[in-house]
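Given chain U, put chain Y in place with the hints provided.
If you're matching them up, the sequences are chains U and Y in order.
Residue numbers for the first sequence follow full-length UniProt numbering, beginning at 1 and rising by one.
Residue numbers for the second sequence follow full-length UniProt numbering, beginning at 1 and rising by one.
Errors might be hidden in some of the hints.
Quick list of the computed label-pair ranges, beta carbon to beta carbon [what the hints assert, rightly or not]:
1) U:Gly84 with Y:His92: 45 to 53 angstroms
2) Y:Ile56 with U:Phe254: 54 to 62 angstroms
3) Y:Ala128 with U:Pro118: 27 to 35 angstroms
4) Y:Arg52 with U:Leu37: 19 to 27 angstroms
5) U:Phe28 with Y:Pro197: 16 to 24 angstroms
6) Y:Leu75 with U:Ala99: 25 to 33 angstroms
Chain U residues, not near chain Y, derived (Cβ > 12 angstroms throughout) [what the hints assert, rightly or not]:
7) Arg16
8) Arg18
9) Thr79
10) Asp80
11) Gly84
12) Phe278
In case anyone wonders, no lab produced these hints; they're calculated from the structure.
By construction, the Cβ of each residue, glycine as well, lies at the ideal position given by its N, Cα and C atoms.
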Amino acid sequence: MTAIPAPLPAAPAAIRARRRALTRRVLFRTAVGAVVLWSVAPFLWQLSTSFQRDRDLSSVTPHWLPVPGTLEHYRAVFTDYEFGKYMINSVIVTVTATAIGLLLAALATYALARLPVPGKGVVLAVVLGLSMFPQISIVVPLYLVLNTLGLLDTYTGLSSSYVGLALPLMIFVLYAHFRSLPTQLDEAAAIDGAGLLRTLRSVILPLALPGIAAAGMLGFITNWNEFMLALAFTSSPEHQTVPVGIAGFQSQYFVPWGDMAAASVVVTVPLVLIVMLFQRRIVAGITSGAVKE
Amino acid sequence: MGHLAFFHRTPGHTPLRGKHRAPSLEQPRLTPGEGAPRRLVPRRESSSAGPRLVGIVLLAPALAAVLAVSLYPVLRTLWLSLHDAGFSTGSHFTGTANVSRLLGDDLFWNAWWRTVAFAFGTTLVETALGIGFALVLHQSFRGRGWARAAVLIPWAIPTVVTSRMFGWIFDGQSGVANYLLTRLHLTDGYINFLGDPHTALPTIGLADIWKTTPFMALLVLAALQTVPRELGESAKIDGASPWCTFRCVTLPVIAPALLIAALIRVLDAFRVFDLPYVLTGGGPADSTETLSTFGYKTLFSGLELGYGSMIATAAFVTEVLIAAGFAYYLSRRYRALEG
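Chain U with its partners taken away, still in its complex shape:
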């Protein structure tokens, strides 16, 4: 017998390595699954709840899937609770505040990031610092001012408060984007005779569009979700926003879990869609606004 190069001892090692790789992959997939499940399960449960009959919701064993389902809760949300009103109020207040805020933030950030404004470091620090103030310490004076101006329980009153509230966040998101554009852009525009405002409109803003989109979405989400000021400044369903509407969901005799779930889904679906579609931009926005170096 001639010597045969024995592959035998190598084989178990290869198998072991492959098995270890497989284990690692299974473990990793499990981790991914756990992360995703933890994040979406409560919302999915709310979604399922919103289609279930009250009878099934109060049974001892939960029904995981809405079979047989019902649209009763969605009907109740829009007719009994007139939830459409809150939605319209929220859209009006949030869109106005976000649009005005975005305009102010873009102008201010252009000045801070690209013009020789004195004391810009201090201004930035102050703006960041102010955004950390707890809402409880600003709610009463704002209430008194709005009361004096006759703006309590109006769209104007609430959305003008929101303009100032989301500004710091927007400025910080935009600042990173505006700073990342090369300064030669401004110089080239100046040589071509463009004024500063024209440089902003025709050169900087188009290039910073991703940042502006991110700032707009973050501002929109912040304003859409705000609760304390909306609770304090509005008192009638004619002007109350969605969070106030949902917080007010109460029945004297039983908790309308199904109706609440339906309302939650109605409110959340637009946000979930925004997140799904613009995940990258939102992530970039959050991280640029928050991690300062």
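The following block gives chain Y in isolation, referenced to the frame of chain U:
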């Protein structure tokens, strides 16, 4: 500006399309005859008064708006806290009467300690979970974009909705949490999670953790992307275990970002309002009363503007102290690093 890494490394990302396409560097898109006549010598360096003035004018509206809704109200709250005031009644100066009342108020101190514990407790868990999430989402795998989007969902949902969701999940009678826990034989009977003073605050903490872990995970993820790949690889070659690589290579690099993210979280968790207000209203037996709910009730239910403002001021001062503490620690750390 390492925080932008996430965005810029996204492959195939073409943000500028269609009519928003920006002019290229070489050809600024200026139609002839528009704007000022061309000068041979650009004036930008000769006088900076023009741009400076424009800058101040552009900055003014935003600054005014920010000051109007934060600095002015905080100062007025401070002023009000030294008064005995109501919404319709007049107010008169009482000096430090509200301060002594506050310092002797057990309700306040209980709320203060509870809020501090809540803020630091939830932040601790969120940081740990956030690191875990970020490490998972940092790997490349199929469907990573979807996984990242899924993780963002809790963050985007309004807190009031989160409150309703957790109120339903942890309901004492038909809550799915109770069903699962008893089925898995982890608990004997149904727990009235939000109706029991021992479990109400932890349940609210869990809701907060669920909602804000994504924020933490994203910030950690952004920080992870600043860790040079070679560092990890050379540690691997040197035979370091994954845990060791993480502890000795990754963690020191992301530590500053981690601290800042934790600071933002602590400050945010300290003003927690929506969750307890909607879920428990501060009960049962005041076990979930936070500074914000306590202040809000004193202001808008008790109609005590002066004392309520004093509570609000205390919340504000605590926030400032926490921020200052973090800043002090960070600056000392950096000075130590620099030698």
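Violations among the numbered hints: 3, 4, 5, 12
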